Structures are given as C-alpha cells and as structure tokens.
Amino acid sequence: MENKLSRNLYMVPYVLWIVLFVIAPIFLVVYYSFFDIEGNLSFINYQKFFTPVYLKMTFSSFWYAFLITAISLLIAYPTALLLTKTKHKQLWLLLIIVPSWINLLLKAYAFLGIFGTYGVTNSFLEVIGIGAQQILFTDFSFVFVSVYIFIPFMILPIFNSLNELNPTLLDAANDLGASKWITFRRVIFPLTMDGVKSGCQVVFIPALSLFMLTRLIAGNRVITLGTAIEQHFLVTRDWGMGSTIAVFLIISMFLIMIVTGTRKRGV
Amino acid sequence: MDKRISPISKLFLVIVFFILYAPIFFLVFYSFNSGGTMSNFEGFTLDWYKELFHDVRLLIIVLNTLVIALLSALISTVVGVLGALVIHSVKRRQTKNTLLSLNNVLIVSPDVIIGASFLILFTMAGIKLGFYSVLFSHIAFSIPIVVLMVLPKLMEMSPTLIDAAKDLGANRWNVLSKVTLPFITPGIFAGFFMALTYSFDDFAVTFFVTGNGFSTLSVEIYSLARRGIALNINALSALLFLFTMLLVVVYYFITQRNKPKGMGVRK
Amino acid sequence: MTNGVIIQFNNVTKQYDNDPPVLKDVSFEIERGKFYTLLGPSGCGKTTILRLIAGFTEASEGEIFFNEKKINDIPANKRQVNTVFQDYALFPHLNVFENVAFGLRIKKLKNAEIEQKVREALSFVNLKGYETREIREMSGGQRQRVAIARAIVNEPEVILLDEPLSALDLKLRTEMQYELRELQRRLGITFIFVTHDQEEALAMSDEIFVIDKGKIQQSGTPTDIYDEPINRFVADFIGESNIVKGRMIADYRVEFVGKEFECVDQGLNENEPVEIVIRPEDMVITTLEHGKLQVRVDSQLFRGVHYEICCYDKDENEWLVHSTKKANVGDKIGLYFDAEAIHVMRHGETEEEFDRRLEAYTDVEPDGK
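Protein chains in written order, with this note's numbering: chain A, 1 to 267; chain B, 1 to 267; chain C, 1 to 369.
Read the hints as simulated data drawn from the structure, not as lab findings.
Mixed in with the good hints there might be a few duds.
[Stated by the list, open to error] Just some of the chain A residues that point at chain B, by a computed CB distance under 8 Å:
{"no.": "1", "residue": "Leu93"}
{"no.": "2", "residue": "Leu95"}
{"no.": "3", "residue": "Phe153"}
{"no.": "4", "residue": "Leu156"}
[Unchecked claim] Derived DSSO-like pairs: lysine-lysine, alpha-carbon spacing no greater than 27 Å straight-line:
{"no.": "5", "chain 1": "A", "residue 1": "Lys197", "chain 2": "A", "residue 2": "Lys180"}
{"no.": "6", "chain 1": "C", "residue 1": "Lys69", "chain 2": "C", "residue 2": "Lys128"}
{"no.": "7", "chain 1": "A", "residue 1": "Lys197", "chain 2": "A", "residue 2": "Lys48"}
{"no.": "8", "chain 1": "C", "residue 1": "Lys117", "chain 2": "C", "residue 2": "Lys70"}
{"no.": "9", "chain 1": "B", "residue 1": "Lys91", "chain 2": "C", "residue 2": "Lys78"}
{"no.": "10", "chain 1": "A", "residue 1": "Lys107", "chain 2": "B", "residue 2": "Lys50"}
{"no.": "11", "chain 1": "A", "residue 1": "Lys89", "chain 2": "B", "residue 2": "Lys153"}
{"no.": "12", "chain 1": "B", "residue 1": "Lys50", "chain 2": "A", "residue 2": "Lys197"}
{"no.": "13", "chain 1": "C", "residue 1": "Lys245", "chain 2": "C", "residue 2": "Lys171"}
{"no.": "14", "chain 1": "C", "residue 1": "Lys34", "chain 2": "C", "residue 2": "Lys117"}
{"no.": "15", "chain 1": "A", "residue 1": "Lys197", "chain 2": "A", "residue 2": "Lys85"}
{"no.": "16", "chain 1": "B", "residue 1": "Lys10", "chain 2": "A", "residue 2": "Lys89"}
{"no.": "17", "chain 1": "B", "residue 1": "Lys91", "chain 2": "C", "residue 2": "Lys34"}
{"no.": "18", "chain 1": "B", "residue 1": "Lys96", "chain 2": "A", "residue 2": "Lys197"}
{"no.": "19", "chain 1": "B", "residue 1": "Lys10", "chain 2": "A", "residue 2": "Lys107"}
{"no.": "20", "chain 1": "B", "residue 1": "Lys10", "chain 2": "A", "residue 2": "Lys85"}
{"no.": "21", "chain 1": "C", "residue 1": "Lys128", "chain 2": "C", "residue 2": "Lys70"}
{"no.": "22", "chain 1": "B", "residue 1": "Lys10", "chain 2": "A", "residue 2": "Lys87"}
{"no.": "23", "chain 1": "C", "residue 1": "Lys107", "chain 2": "C", "residue 2": "Lys128"}
{"no.": "24", "chain 1": "B", "residue 1": "Lys50", "chain 2": "A", "residue 2": "Lys180"}
{"no.": "25", "chain 1": "C", "residue 1": "Lys332", "chain 2": "C", "residue 2": "Lys292"}
{"no.": "26", "chain 1": "A", "residue 1": "Lys89", "chain 2": "A", "residue 2": "Lys107"}
No experiment lies behind these values; they were computed from the predicted model shown.
Here a beta-carbon is modelled for each residue, glycine too, at the ideal position from N, C-alpha and C.
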C-alpha cells in the first residue's frame, strides 16, 4: 500500500496556488490599505475614501455599471430567447461568442475610428442631416462600447438556462390556458432567473472596474473605481489609497455575489 | 415551443449580429486603406501589413505573447487538472464548497484587483517585473478556469467506473491513467484552450505586472491606441482575427474528433 | 465442483457516520459454485453486502472471510471477485475488446494471451465479431453481455451482479435470466446476484437471501421461501399472498375469520396468536356450500395466464384468487383450499426456530400423506 503522504502529494500544487495567489493577494491588499503614501501605518486612506470626491466617484461608478448591466440585459434576453428558437442554435450561439474572443482592446480601438470626429457615425449623421456630434469621449460612447463588449457574456448564461428549460413545461403552461405573455412572465422568466443573475454578475463586476475603456473611449470623462485603482497604483504610486479602493471594490464584489448568488432550486 | 420567428424578431437578431461584427470588419477593412485614417478609404494597399512584418520590436512582442500563452496554458492545465481532482476527491460538503469558492475568487475578481494585488505580491516577494511576473500571473488566473472546465467532466463520470476499474485489479495510478484521464480529456482540452485565449486576451493584469522591458500584444496595442489611430494596428487586428478564427476551428475539430471516436484503442 | 464455503460473513455491521446501520449484525455463508440471490426492496442493504464482498466499502464491525482468509482490509483491486454493475460501468473511451481486456492488461498478460482470452470470453456471451465496436454503438442487452464478459475473462471465483437486468425491457430480461443461469452452470463458479425482483430471484437462484431493514429475513431455496415464508414481510414480498390474523387452537387446528380449519402445523402453543398465509393460486372457486370460505367477488382482472379475482368475506377481509376460470363480479362464491395450503407464521420467530419447526413436521408427517 502507498503511504498517506505520497498519496496526497498531488494536492500540493493546487493548494500552493490557493495560498499564494488567492489568499495572500487579498491579505496584501487589505494590509496595504492601512499605509499612507509615506509608508506609515494610518487610517488616512479610509478617511479619504469617505470624502465627497471618492464617494461621488464610487456612486458614479456604480451608476455606470448599473446602466451597462441593465442595457446589456435588455438586449441580451430577447436575443438569447430568439437564438433558442433558431434551427442551428448552437452555431448561432458560437457566432455570438466569437467576437468576445477578439482582443478587447482591438474592439475598443475600432470604436475610436467609428465614433471619431471624422468617423463613420458622424458621416452618417451628416448625411441624414443631424450634423456631426462629439461622440467619442462622452458618457454615451463609454456605455455603448461597454455594452458592446459585455453582451456576449450576458447572452451566454441566459441562453444556457433557456436551453435547459424543459419544453414540455411550456406545453403544460399552454395547456393550462396561459397566454404567451403569461407563460413568459410566470414560467420562462422565473425559471431562467439563475441565468439572468449570473449574467448580471459577470457584467456588473467588471463594469465597475474597467479602466482601459474609460481611458480610451471616455477620455477620462468617466472615472470608475477601476480607473482610480490604476491611477493610484501606476501613476501616483499611492498603493495605500489604491488598496483602500480595492478593498471597497472587493467588498462590493462579495455583496453582489451574495445578491446574485445562484441558489440550487428543487427539481 | 414555437419554432417560428417573426420578421421583427429576425430583424432584431440581424441588427444584433451586425453590431457585434461591424466593428471587427470595419477594422479589417481599413487595414487596407492607403489613406492612413479610419474615415476615408482612399485606395487599396498592403503597406500596413508590410510595415508590421518589418517591425522587429513588434515581432518580438508577438513572440513573447505566444510563449507566455503557451507556457501558462500548459502549466495551468496541469495544476488545474490536479486541482479538479483535489476538489472532486473531497467528500465533506463544506470543505468542497470552500475550495470551490476559493477557486472562483480569481474568476469573479475584476482584473484591476488581480493586477494590483499581484503587483504587491511580486514586489513583496522580490520578483522582478517582467517575463516571470507576467507568466506567473497568467498561470494564476488560468488555473481556476481549467478547474471549472475539468470538474464537470469528473462529476459526469459515474463512480461505478472507478469501482469497475478497481474491481478489475487497477490500482490508484491505473485508475487515473486508464480511466479518469481518458474520460476527462475533452474537459482538459477545453481548459487548455480557454487558458490560451484568456492569456492572449488579458490586458489589465499584464498591464499591472509587466515592467518596462517586457510587453505583450495587448499592452502594446493599448499604448499604440492611446497615441491615436494608426493603421498598422488595424493590420495587426486583422491578423489576430484570423489567428483567433484558426484557434476556434482547431479547437472545434479537436472536440469533434474527441466526441464520437473517444480515444480509440489504447494499447 | 468442490463444495465448501467460499465467503463467510461473521456478525457484519455497516454504518455510515451516525446514521442508523444499513446492515445489522449479518452472518451467512456462501458455498462454492452456487447461484445466490440477495433479494429485497431498495435500501434494504443488499447492495451494501455486495460492495462489502467486492471491497468498495469497509465493514464497520464484524469479519468477512474469503476462502477462509479474512479480507476486511484487502482493497478491491486485490480481491478474487469481479462485479457486473447495474449501469454496466463500461469504459466509454474503450471499445468492446479493450473493455474486456482491461483487467488482463492490468495484470500485464502477454498480448497473444489477452487476445485469446478476450475472444473466448466474448464468444461465451455470444458477442463474437463485436470486438472493435464502440460501447455507445451497443444496445442495452449487448452492453450487458460485454459487462459479463469483462467480469468472467478474469476467471474470478465469485461474480457479483448488482441488479444487472433492471435496465432491460421485459422480454430481454427474461432472455437474460435464462442466459445468466446457463452461464453460471457452464462456468461452475459462484454467482451472487442482487435484485428487487422476486420473480427473477425465484427463477434463477439455487439459494435466496431475503433481506429487509439490514437483516437477512430468510434464506433458502426458492421453493422453501415461496412455500414457507417465515414472516409477513417475506410472504408479502415474494409472490402474492392472502394474510390474515389467526389463532392456534391445538396441533393441526387453527382458527381464522371466525372459523376453525384443519392444518398441518403442530408444536405451537395453545391459543397462540399467529398469522395465516394462503397463496392465491391455492384457492379454488367452488359453490357456496362446498367452499371453506364464502365470499363476494368484488373485481376481476385478466392477467393472461389466469384471472386475478379480488373477493371480500363478510368481515371485509380481502381474498385474492388466481383462477383459470372466470368469475362474475357481484356473485357470491365459495373458496376451497387444502389443509396444506394453510401456512402458519409465528410472531417474531427466528430463522433457526422456524427451520427446526419445519423439520419437526417432516419427521412427524410421512404417514400423514
């Protein structure tokens, strides 16, 4: 018989990974949040966080994330629903996912051209008589591009939950006299709630923290928590303050996960 | 289920697909523009591609990116498979859930947090920012993805298969190499490819932990894009698009070949 | 065929954590070369016994012997038994040949030898020519055969079969029952078969263990168990039965439904409360005056070989009758049965006491009939 030690040797790499790259980083972030820019132990970062500047930034970051999530959901749900009704649904789904594999920065870069002052959109607006607008470096372009990037991530879980839906349930609802709308509201939507929740989760949390999009598309007009963290870590080198914001981002992340946490339903 | 799709719904789907793909084709289209902007298409040229292939610096970066992606995918697949085995072998429900939650932390964490916390980690550990810090980070955030791709396959495997193997005289190593690993091979492939694409696509984490001397494609595109429009980025994106498609096709074929034929006869 | 004990359980108990035990102090012996069936409802502990023999799980208490050697601590891969699983547990990534060859490859046999043994095993289960098929290309019945071939190719001394027929349809199941029985005779090795299907058990076994609530209720040949069930559970579980409460008046005299009847049981206490079993096929429909019981026909189902007639007496006791003759619903009829058809069960009788009592009858009875 093999002895117990060598039996469990295979656990070492994975456990090591958990300790070094999951637990340690979180502790380090929390630890650093208690140091000011000079490296002294203090609560100054937390005091700063509760000043209007940071609170306003946090609020606007949440507001944008909320907008992005809501719009993504509004577009993704009907898309997913329609996709499940197509003939080669797996192929169509693949086609939805493919753009998400293209480097995010390239997609953002494309919008520099599309939304630019002399870009396609403005030429189009001029043709229909509205005239050129400043589109790039506005809230609109930020939200639009974010939704564009996140839509596949929202569609996927919703599609999956719709796909798992037992079609006889719909027949049953029909049989019991439910109209299409009632079937949707009382049967389909509640049963796909888990998909919606995980979709919102995978959109909302990154939306809070995107910094490259705000830099490239919103031209610093929109500052999210992510932008602030990047700023503190890489530009002003105030790791303490950056960590403090990160701590709050982690806390909100956990809250969101609890809210959107998927509970197993009874069969 | 109602299989018919109304014309309005069709139009909706068409618009969604158009918006998803337009920016990508827009980029590719203008990569052939001799005009040098993304607004007026003046004439067809391959100059931007030529320029790309003469840019030694860029080629080195491409090579870096490839090496990082392949190495990190390989290592994270090994550790991830071990991790899935660890999680699968745990009997106690609570321990299992804890491990799963720890596993998922890096998946749900925003990139900035991962980037910032790894930056602290590497600085504290005295690892110079550059190739190794980027490699370690990519391995670290790919492991949980591999675990999530492999674990369902392990769960799918009927426990009687293991009993059967033991019953026929297989020891632990036989069970692993002759039954478990062949059974979860599709999951391992999926995990490897996911890790590969995650590594290619990552920008935010790399941006934090890459030093001055080392750069990956994403980081390079970001710094180029911040300077404004340059059509060699378009050319680059066209090539990357092709490359991504190639990966998708290869992946598709591998999974297809794995599905019906199993692993064939193993001697 | 050498007779003798191959497997022995001594006071084996199996308990998971602090749950009530799934097996309670079970002892039995299994003889070489026989077809055994462990029969009982789901959750009764029959599969646990199988897993204990195979070594997939460990006994909490007690000893398990195999060929007179204690095997409690021997892992599954070192035991001389092979299992046919309920879901067959065929390896989906290997073809038929490689599935069957699995155990031989582990033993590192030479390729030529493997080739020969696998072919032999496959022809044994009538699967010649299927060597290169993938498992998913095989039907349920064929998979079943592959699973059996995979077990027998290792030439184990005991084959364990865990409800292997439950996934098959009725016709195939009956066919496989014959085949399994035939296979066991040809191989001459011990089969331990687990099922919840009493018909299957009766049809195939040399020896049946009826198990309920983690205890062996009764063991014996199929006819023993069918004709002389030890208690209400066994009587009810094996075949259909009419069971009523009764009272022993004296030797050979028993009273139930308010009447006195002649029976073949003796040696019980006077006035001892007992339970009476009469099998439906032992009841004969006759006229009211010839009947030992007078009943009203309540409903009738045609079962193919016979009619299943449900009757009630004046005390509303239900009497099930199997008859090739049709009855009319609503009619009053008489039911006749022999004294031997009445089977008397004592409350809380152990298997040993029960066996001793039955043996006493055969000692006394020969001149009776």
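Checklist entry - Of the hints given before, which are not true for this structure? => result Hint check: 1, 3, 4, 6, 7, 8, 12, 13, 17, 21, 24 fail, others pass.
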